[in-house]
Amino acid sequence: MGITVAYSTQGSVEAAVHELRGVLSASTTRMVIFFASSAYDPYQISARMHRAFAPATVIGSTTAGEIVSGHMLKNSVVAMALTSEVIQDVKVEVIEHLSEGIAVERAFSGFQTHFKTSMQAMNPDEYVGLVLVDGLSRAEEKLMDRIGDLTNIFFVGGSAGDDLHFSETYVFAEGNAYTNAAIVGVLCPAVEFRVVKTQSFCTLPKTLIATKVNEAHREVLEFNHRPAVQVYAEAVDCPVDEVPQHFFEHPVGLVADGEIFVRSPQQTQETSMVFYCNVLEGMELSLLKSTDILRDTRKALEDVHRELGTISGLINFNCILRTLELEQKGRISEYGKLFADIPMIGFSTYGEEYLGHINQTATMLVFK
Amino acid sequence: MAGEIKQMIDRIIEQRSQGNPALVSSTRIKLVMKGINPDKFNQDSANDPVILAKLQTLVQELGLTIP
Chain C
1 MGITVAYSTQ
11 GSVEAAVHEL
21 RGVLSASTTR
31 MVIFFASSAY
41 DPYQISARMH
51 RAFAPATVIG
61 STTAGEIVSG
71 HMLKNSVVAM
81 ALTSEVIQDV
91 KVEVIEHLSE
101 GIAVERAFSG
111 FQTHFKTSMQ
121 AMNPDEYVGL
131 VLVDGLSRAE
141 EKLMDRIGDL
151 TNIFFVGGSA
161 GDDLHFSETY
171 VFAEGNAYTN
181 AAIVGVLCPA
191 VEFRVVKTQS
201 FCTLPKTLIA
211 TKVNEAHREV
221 LEFNHRPAVQ
231 VYAEAVDCPV
241 DEVPQHFFEH
251 PVGLVADGEI
261 FVRSPQQTQE
271 TSMVFYCNVL
281 EGMELSLLKS
291 TDILRDTRKA
301 LEDVHRELGT
311 ISGLINFNCI
321 LRTLELEQKG
331 RISEYGKLFA
341 DIPMIGFSTY
351 GEEYLGHINQ
361 TATMLVFK
Chain P
1 MAGEIKQMID
11 RIIEQRSQGN
21 PALVSSTRIK
31 LVMKGINPDK
41 FNQDSANDPV
51 ILAKLQTLVQ
61 ELGLTIP
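Residue numbers (this note's numbering), protein chains in the order written: chain C, 1 to 368; chain P, 1 to 67.
Bound-form chain C, shown alone (with noise of 0.2 Å):
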């Protein structure tokens, strides 16, 4: 078996990582990848699992929820083994001190030193990218914009969460644990991999084009030069006061290539809206209106499978905003069951990242 997953809902972190290690101790695991909720102690779970695991690869992060093949969890840690069978080689590098400069060009200087190739002319059906990011440093827009500048490759992951605490999140690699810094890797998959991204959501016929912005507090001051809260319930078709209500069915989208990227509105502050990620003044954003999560996800899934034939592994990075409309329909096991048949570790991010920073989606690496 290339690649196993298993979870844990041990209480302590010693009899977690002790469970985990007993299904996933391949000799030949390349690389661990785990996601844990904050629950556990961030420091003390990293040292183990790069203990448990050494000398494979491992890297992981802090969640607001977790998903595993046929699952949504809570308070538990879920992981994936990825053995030399699936992943030739891998690099991961430690971004730190985010918030005093997204500094890529180290990093990605330590990946052309290992694969002996330039960032530029590495091929992207032959090398993916991996990224955890603290989900509290509002530092992804940056961090994404900077690595699609120095490469071609797809980097694809998600923002670290901390169980709606909004506290502090942790990033983790090789037993060490981080905040305020994000885990990029390259990967050198020995089979043949894809990169998905689904949300659900259709765009509406009205265009909101935010004519004054704050980008360092992801805040839109206005829409077609008025107050953003005003334009915003006039789209929606409600009072100011009630457009709060609005935001998970009607967030906003950038349409680009013929592909929604989301951007979701978190609050309003007086005649301003401050939104998950951010939206850059002379945006044209269109309105959405979310469509079935159960059906668009199984779709893609039914694509990408249809596409390589078979999967034998999946990394979901699910918006925490798609779990909790899902936990408010009562749709939750069902979504876990979507991925029953497929190896699968998850977890719910604070954000996810592909081509930039999108929320309320879900991105996913996917191998044959």
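No wet-lab data here; the hints were simulated from the structure.
The structure presented is a predicted model; accordingly, all values stated were derived computationally and were not measured.
Don't take every hint at face value.
[What the hints assert, rightly or not] Quick list of in silico lysine to any residue cross-link-like pairs, SDA-like style, CA-CA up to 20 Å:
1. C:LYS142 <-> P:ARG11
2. P:LYS34 <-> C:ALA216
3. P:LYS34 <-> C:GLU284
4. C:LYS289 <-> C:THR198
5. C:LYS197 <-> C:LEU338
6. P:LYS40 <-> C:ILE209
On the provided structure of chain C, position chain P as indicated by the hints.
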């Protein structure tokens, strides 16, 4: 002469993608994420100096050479 923005965008996409359709798409999306929507410019678009300067900076950041 109008249309310099479209010309520059086309060259960025061409150089960056080297004809690979998947990279043409991803480069276009990256541009939109940066606030430059390729579909909004054509041969008749005015040469907005702010956008041209933004594209010049981008060319440098991408390590491209566009005359």
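Structure-based check of each hint:
no. : hint                  : in the structure
1   : C:LYS142 <-> P:ARG11  : 24 Å, violated
2   : P:LYS34 <-> C:ALA216  : 15 Å, holds
3   : P:LYS34 <-> C:GLU284  : 12 Å, holds
4   : C:LYS289 <-> C:THR198 : 14 Å, holds
5   : C:LYS197 <-> C:LEU338 : 16 Å, holds
6   : P:LYS40 <-> C:ILE209  : 13 Å, holds
Of the hints listed earlier, the one the structure fails to meet is number 1.
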